[in-house]
Amino acid sequence: MLVLVEQSLNGLQFGLLLFLLAAGLTLVFGIMDFVNLAHGSLYMMGAYFAATFVAWTNSFVLGILMALGATLLLGIALEFIALRHLYGRDHLDQVLATFGLILFFNDAVRLIWGPAGLSLPLPSWLTVPVQIVPGVFYPAYRLSIIVVALAVAAMLYLVVMRTRIGMLIRAGASNREMIGALGINIKLLFTLVFGLGAALAGLAGLMQAPILTVQIGMGENILILAFVIIVIGGIGSIRGAFLAAIFVGMIDTLGRAFLPDLLRTVLSSAAASTAAPALSSMLIYLLMAIVLVVRPEGLFPAAKR
Amino acid sequence: MTDSAGVPLLRVENLIRSFGGIKATDNLSLDVLPGELHAIIGPNGAGKTTLISQLTGQLMPNSGAIHFAGRDVTAVPAYQRSRLGLARSFQITSLLRDFTAIDNVAIAAQAHDGHSFRFWGAARKEKHLRDAAQAALTRVGLGQRANVLVSELSHGEQRELELAVALATKPQLLLLDEPMAGLGVTESARMVALLKELRKEVTIVLVEHDMEAVFALADRITVLVYGRVIASGDPDAIRNNEEVKRAYLGDQHAVTRHG
Amino acid sequence: MKSSTINARNVVVALVALGLTLLPVYSALTGNIFILTLFTRIIIFALAAASLNLIMGYGGMMSFGHAAYLGIGGYAVGILAFEGIGSGFIQWPVALAASALYALVIGALSLRTRGVYFIMITLAFAQMAYYVTSGLSRYGGDDGLTIYKRSTFGGLIDLSNRTQFYYLCLACLFGGIYLIWRIVNSRFGMVVQGVRSNEQRMQAIGYHANRYRLVCFVISGTICGLAGALLANNTDFVSPAGMYWTRSGELMVMVVFGGMGSLFGPVIGTIVFLLLEELLSQFTEYWALIMGPLLLLIVLFARGGIMGVLGRLSRD
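Protein chains in written order, with this note's numbering: chain A, 80 to 384; chain B, 47 to 305; chain C, 15 to 330.
Keep in mind that the hints were calculated from the coordinates and are not lab data. The reader is advised that the hints may include incorrect statements.
[Claimed, not checked] Some chain C residues flagged as far from chain A (calculated, every beta-carbon gap over 12 Å):
| hint | residue |
| --- | --- |
| 1 | V25 |
| 2 | A28 |
| 3 | G100 |
| 4 | T127 |
| 5 | K163 |
[What the hints assert, rightly or not] Derived SDA-like pairs (lysine to any residue); straight-line CA-CA distance at most 20 Å:
| hint | chain 1 | residue 1 | chain 2 | residue 2 |
| --- | --- | --- | --- | --- |
| 6 | B | K173 | C | Q214 |
| 7 | B | K216 | C | H222 |
| 8 | B | K171 | C | R196 |
| 9 | A | K266 | A | R243 |
| 10 | B | K173 | C | R196 |
| 11 | B | K216 | B | S278 |
| 12 | B | K69 | B | L105 |
| 13 | B | K171 | C | N199 |
| 14 | C | K163 | C | E97 |
| 15 | B | K69 | B | T120 |
| 16 | B | K171 | C | L193 |
| 17 | C | K163 | C | G149 |
| 18 | B | K216 | B | Q126 |
| 19 | B | K216 | C | N199 |
| 20 | B | K216 | B | L229 |
| 21 | C | K163 | C | S101 |
| 22 | A | K266 | C | L314 |
[Claimed, not checked] Which residues of chain C face chain B? A few of them, derived with a C-beta cut under 10 Å, are:
| hint | residue |
| --- | --- |
| 23 | L193 |
| 24 | R210 |
| 25 | S211 |
| 26 | R215 |
| 27 | A218 |
| 28 | I219 |
Beta carbons are placed, not taken as given, at the ideal position from N, Cα and C, and that holds for glycine.
Construct the complete structure from the given sequences, taking the supplied hints into account.
What follows is the structure, encoded as structure tokens:
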């Protein structure tokens, strides 16, 4: 029972991280019709920046704030220099160009930080276990990830649903021509949205950094998960991304935790321990396949196009 | 006229299709007799293209039935309706732009000539397909333009090619969605002459804004307003129908355009 | 389409084909074994790229998961060899059948979607295949599986002989391209290209678009599975890393480099891409620092790839 609570919280925490990544992707796709494979690279850069700045400043909070700002600036620079020339181009062109950027970022990181990974040590006040219900302890840091990510999700919701910029974003996601007709400075809006997406990816990366090793290619697997989430949730839909992210985070975490034991009840122990890892990594893709069969346009499509 | 002429080739019964709260097709019934040219007119937004899309199967109705050649085709997908002999042209020219004119027509002919899961023989060397395609092109006056890429054809030529493509499927019923759209005066005249020829051989449902053309061509006219049939009859009856007059007078756009 | 037979594009294609055919002679005369090994690899990837071009260039299906077939074809050979079945007459048909089956399932699911969704989904499924092979602990898991003995063909051909293996790969490549050429110009090929150009129109004249797409997808996957069987024999090794998603990206790059929808383009694209990679990595360890931005520039400025540029040259 205790394990179930703990693993559910882990699943929630992973799902929320996935949401931060997927939200940026789906916003950028929804409003600019732009597929950005290099989104995972921004996630990686967020983690590397955090590890570096925290070591420099000797302050965890200051370091991650600087890392957040750095990722935001990097995203804006990237949009300004390269990516804005790809709006309106074929999706294939965008995929290939941003694939090139991934190659570039991976080698750039290898050149600057070396091939070995970095670690981001937590300050002692974040390592203590917190008692969430009587008898159930949960690491403070993981708990704070949940809190921060939920706060960001709420903020994102407020910005998108309640502000003028949010209205433009929504309008853009459902009808791209309309924002042009409204006489909005589209270039600026696009840069802003892209920067926001980059910052969200960076935030996900730097929050994940103390849990996993900071290493080259860390953004790639999680990017593919974010794609799965967008497919499940429906492209361009923040709400869909949120629900699908939590769902995927839960299934992935719980599957890995409990599938081996479950299998052991029906299979021999040896067979179960062989099949379990493969099966649990397949789970989300099976889920995606089911969604595709039932609702090819995703569970919460943002708009008809 | 034989007895079978009395049996409609196409029968639409109580068709309903709504988008959100708006009924684009509102309890619409319609008969098309074999051999006639049946025009469907109506002001903008009357639901003409929505109707055509349901007839061809691109769009499924919410309720109602469509019978074609004695068969209920309401749930039959688009590609199979074409095989039954229902062909359409598109309002906005819809061709294979990176293919030549004759390739466009030959592919249509191929769809109705055996199956296309043949992987080895060169399709462009199948003489009977090329001949059929060339014949259809000649028929619409594009005989000399067979090897020109669609993207290099003029707008008028593309409209004619649309017809040739539809004809190549050897249809029993031809659904033409505004074949004159965007044509100049001489091009329009050519198209009317062409349709006059075609109507001798095939049943045609013509959706068109060009009233002159409609009244020159149609055996019967059905008038749609807000997805509903307000009148149906021969051109004279429609011309003198009070409700039709009112509908068109209410529509400033139609008045300035056709008045 | 109707330009004369002798133009820049055809001259380049003829020269490349001739060069590939005569390469072992050059290698034997100069004793340069490295170039033979390098080009064996290039030819195998060219076959994979050509298969991808069939669906991307002619079918308009942007698959971002083609590396999966390389892995499946390779694992079929590797696993059978590991289990003591060394005959290529069994290994290779199994490799092709397994690839075809995977393509059938993935294709049937992915083709429910279009555009970016399709790109993402093929990518995701290929990643699933990657994880599944990582979980095959009996066959090496993450570390991969060494193939101690190459496929045997009852003494007809010796795959351990460099020159014989090279010519086998080359025969597969030329055979594959010939097959694709026939397909593209057949009735089936016309329909597939028509669907790429305008799906709605094709439905309206009586074609069930997705059936043709799916069959095309399966043919492409099967050809790529053959490349996988060749690759496993070439490296004497299969591993999940060989089907990582960046490999799929590289295959796409090869196709686009050469020119999508041009029959021989993928071959040229593969040669250029892998030679460039080889050249850059001799010059610096951080070759991707140059390759990445180069890719961006090519996408931005050289539409239609090398064949496109050559085609434009020949038209002038």
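Each hint tested on the structure:
Interface exclusion of V25/C from chain A stands, the closest Cβ pair being 28 Å apart, more than 12 Å. The non-interface label for A28/C is consistent with chain A: the shortest C-beta to C-beta separation is roughly 28 Å, beyond 12 Å. For G100/C, the requirement that its beta carbon stay farther than 12 Å from each beta carbon of chain A is met, with the minimum near 25 Å. Look at T127/C: its CB is around 5 Å from the nearest CB on chain A, not clear of 12 Å, so calling it non-interface is violated.
Listed as a non-interface residue, K163/C keeps its Cβ farther than 12 Å from every Cβ of chain A; the least gap is roughly 25 Å. A C-alpha spacing of about 27 Å is found between K173/B and Q214/C, which places the hinted pair above 20 Å, so the restraint is violated. About 18 Å separates the Cα atoms of K216/B and H222/C, which keeps this hinted pair within 20 Å; it holds. Of the supplied pair hints, the one linking K171/B and R196/C holds, its CA atoms being roughly 12 Å apart against a limit of 20 Å.
Restraint check: the Cα-Cα separation between K266/A and R243/A comes to about 16 Å, which is no more than 20 Å; the hinted pair holds. Between K173/B and R196/C, the direct Cα distance comes to roughly 17 Å. Compliance with the 20 Å bound is thereby established for this hinted pair. Of the pairs offered as hints, the one joining K216/B and S278/B is violated, with about 28 Å between alpha carbons and a cut-off of 20 Å exceeded. A C-alpha spacing of about 14 Å is found between K69/B and L105/B, which places the hinted pair at or below 20 Å, so the restraint holds.
Under the criterion of a C-alpha separation no larger than 20 Å, the hint pairing K171/B with N199/C is consistent with the structure, at around 9 Å. For the suggested pair K163/C and E97/C, the alpha carbons sit about 12 Å apart, so the restraint of at most 20 Å is met. For the proposed pair K69/B and T120/B, the alpha carbon gap of about 18 Å is at most 20 Å, so the pair holds. With a C-alpha separation of about 17 Å, the suggested pair K171/B and L193/C falls inside the 20 Å cut-off, and the hint holds.
For the given pair, K163/C sits about 24 Å from G149/C by alpha-carbon distance, which is inconsistent with the 20 Å threshold. Taking the CA atoms of K216/B and Q126/B, the gap is about 14 Å. The hint holds against a cut of 20 Å. Simply put, K216/B and N199/C have alpha-carbon atoms about 24 Å apart, too far for the 20 Å limit, and the pair is violated. Of the supplied pair hints, the one linking K216/B and L229/B is violated, its CA atoms being roughly 25 Å apart against a limit of 20 Å.
Taking the CA atoms of K163/C and S101/C, the gap is near 10 Å; set against the 20 Å cutoff, the hint holds. For a cut-off of 20 Å, the pair hint linking K266/A to L314/C stands: about 19 Å separates their Cα positions. Hint on L193/C holds. Least Cβ distance to chain B is approximately 9 Å, under the 10 Å limit. The criterion of a C-beta within 10 Å of any C-beta in chain B is met by R210/C, whose closest approach is roughly 9 Å, and the hint holds.
For the restraint placing S211/C at the interface with chain B, the shortest Cβ-Cβ distance is roughly 4 Å, inside the 10 Å limit, so the hint holds. A least Cβ separation of about 5 Å between R215/C and chain B falls short of the 10 Å threshold, and the interface hint therefore holds. The closest approach between the C-beta of A218/C and any C-beta of chain B is roughly 6 Å, which is under the 10 Å cut-off, so the hint is satisfied. Here the hint on I219/C is kept, as its CB sits about 4 Å from the closest CB of chain B, short of 10 Å.
Of the numbered hints given earlier, the model fails hints 4, 6, 11, 17, 19, 20; all others are met.
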